[in-house]
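The listed protein sequences correspond, in order, to chains A and B.
Take any residue in the first sequence, count from 1 to its spot, add 170: that is its number in this note's numbering.
Take any residue in the second sequence, count from 1 to its spot, add 65: that is its number in this note's numbering.
Worth double-checking, as some hints may not be accurate.
[To be verified] DSSO-like, lysine-lysine: derived pairs with alpha carbons at most 30 Å apart: (1) A:238 with B:336; (2) B:367 with A:258; (3) A:252 with B:367; (4) A:258 with B:112; (5) B:437 with A:238; (6) B:68 with A:316; (7) A:336 with B:69; (8) B:69 with A:321; (9) B:68 with A:321; (10) B:437 with A:321; (11) B:409 with B:331; (12) B:439 with A:258; (13) A:336 with B:68; (14) B:69 with A:316.
The set of hints was computed from the structure by calculation and includes no laboratory data.
Here's the letter readout for the chains.
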Amino acid sequence: MSRYELRFSGAGGQGLITAGIIMAKAASIYEGKEAVQSQSYGPEARGGASKSEVIISEGPIDYPKVTKCDALLAMTQEACNKYSDDLKEGGILLYDTDLVSKLPEGNYKRVGFNIINTAKNEVGREIVANIVALGAMVALTGQISKENAEKAVLSSVPEAFLELNKKAFNMGYEKALAAQK
Amino acid sequence: MAKKVAFLQGNEAAAQGALYAGCKFFAGYPITPSTEVAEVMSVELPKIGGKFIQMEDEIGAMAALLGGALGGAKALTSTSGPGLSLKQELIGYGCIAEIPCVIINVMRGGPSTGMPTGPSQSDIMSAKWGTHGDHPAICLVPASVQELFEETVRAFNLAEKYRTPVMVMPDEIVGHMRERVVFPEPGELEVIDRAAPTVEPAQYKPYDTSFGDVPPLAAFGSGYKFHVTGLNKLPDGFPTTKAEYVQAEEERQVRKVEGNADDIMKWEEYKCDDAEIIIVAFGSTSRSARFAVDQAREQGIKAGLFRLITFWPFPEKRILELSKKVKAFITPEMNLGMATGVVKAAVEGNAPVLGIFRVDGEPINPGQILDKMKEVK
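Chain A with its partners taken away, still in its complex shape (with noise of 0.2 Å):
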C-alpha cells in the first residue's frame, strides 16, 4: 500500500498545523496524490504539545490518522516523547538540535538541525521556522516534488511574505539534505 503517514509536532503557536496543511494541499492539489491533514490540540492556543497529521496516498484514504509514523518532526522535547512512540521501523525523525537533545531508541533515520535559529538568524524571521521545518520534511520525505511543494507554499502565505517564506523553504531543503549525510 502507498500510504505514507507523516507527523508535524511541537508547542502550539510554532505553526506546525500550517505546515501539515501546506504538505497536504501540496500533495492534494499540486502533486495530484490523495492527502487528508487532521491536527489535535489542547484549549490552550500557545504552548504545550500539538501535532499534526498528514496521509499522502496514490489511491482513496479512509483512516485519517497516523498508524505507524513513517516520518515525525520534533520541534520540542515534549513533543518528542509524546509522540514518537508509533514512528515505523526505518522511520525518519526531523528535530531541533538546540530544543530536542534526548531522541527516543530505535531503528529510525535521525535528522537534526538548528530549525528555529535557521529561521531566525538566517533567514531573519523566528515566525518562518514551520516553513523552514517543511522545506526540510518535504526533502528528507521525497513524497512530493520540491516545485510543488514550494508552489503550496506560496499560494498559502501573504503576499508580502513570498520571498521570506520562499527563502524559508528552500533553506530548509538545503540544510535537511546537508544534515542527513
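With the hints as your guide, set chain B onto chain A.
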C-alpha cells in the same frame, strides 16, 4: 473547463455547501469546534446580499434562525454540544411550527462543556430526542470533507422539502480535517426550494393539509399574514386543544419524515454481500472501520462495513435484513453506546451487537476494530 478544486477544512466545506444550496441567512454564536462555519459565512454572506448575525447566545441564535427562515430565507446555524443543548427548546418550536432550517452541530466531547477540542459522536440521541415531545428528526452524518459539502446541500433540500429543521452532525475530526474538495457546478447537485402558496393571501392557511402532508409556506413580508405558535394549532395557525386536530397534526408532523424515510435515508454498504461480520459506523469512525475491513479481508475474515450517511431516520429494515445472515455486528462509536442500542433494537435478537466505545478524545483506531472482529465466534 476544469472544475474548481480547493484544499478545505470540513467546516469550511459545510459553509460552502450551504452557499451552494442558496443559504442567505446565518445566525449563530461561535463555539469550538464549529466556529469556522460561522467565520466563512460571515465573510461570504455579505458579498451575495445575505445576512450574518452573531447573537448574544445560542438560544438567541436559534430564535433568529427561525425568524430568518420564516422571512423566506434558507437559514443556517452552526454549533456544538453545549450550544445544541441551549437550542433544543427552539428546535422543538421549529418542528411544531414547521420551519425549514439547517443546524450544523460539530460533535465534541460532552456532557456540558466536556472536551471542547476532542472528537465525539455523542450528540446523535440529542438530534432525535433533545427537544421534548414527539417530533420529526432528520440527522445526517457525513464522513469526508467532500461529503460534508454535499450533505449540507442535501440538508437544505430536506429542510425545504419537508418544512422542518434538519441537523448535519460531523464529528470534530470530520469538521476539522482537510481534504480536497471538487466543487460541483451550479445545477450539478439538486437544489430544492420550499413550495410557495398558490392561493391568494386571504385564503392562505399555513397548515392547510389539503395540499398534502407538507403545506406550502409563505414568507413573512410577502403579503401573506399568518400566526405562528409553539402551541398545537389549527390549519390557520391559531392555538387549539381540540383532540381531533392535535392527534392528527402530531401524527402528520412525524409522518412527514417517517413516511418519507426512503427518500431521506442514505447509507453505503461496503463488502457486505458475503460478510459474516458487519461493522455499522458513521463519521470518522467509519473511516477506521473501512481500513479495518480491508485488513480483515487480507487475513481471511469476511468483514463488511455498513456506513450510515443519514442517522435519523435510521435504516432499521435494512439492518434487520442483514441481521439474518451475519454472525455479528460491531458498532464502534465515540460515545458509550448510543448507536449500539439503536442497532440492537433493529436486529431483534438475530445477531449479537458488539460495541466499541471511546470517550477519551482519541479516535477509534482500525486495530481496535480488528481485535473485536477476532472475538466473534
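For this structure, which hints from the list above don't hold up? 3, 4, 10
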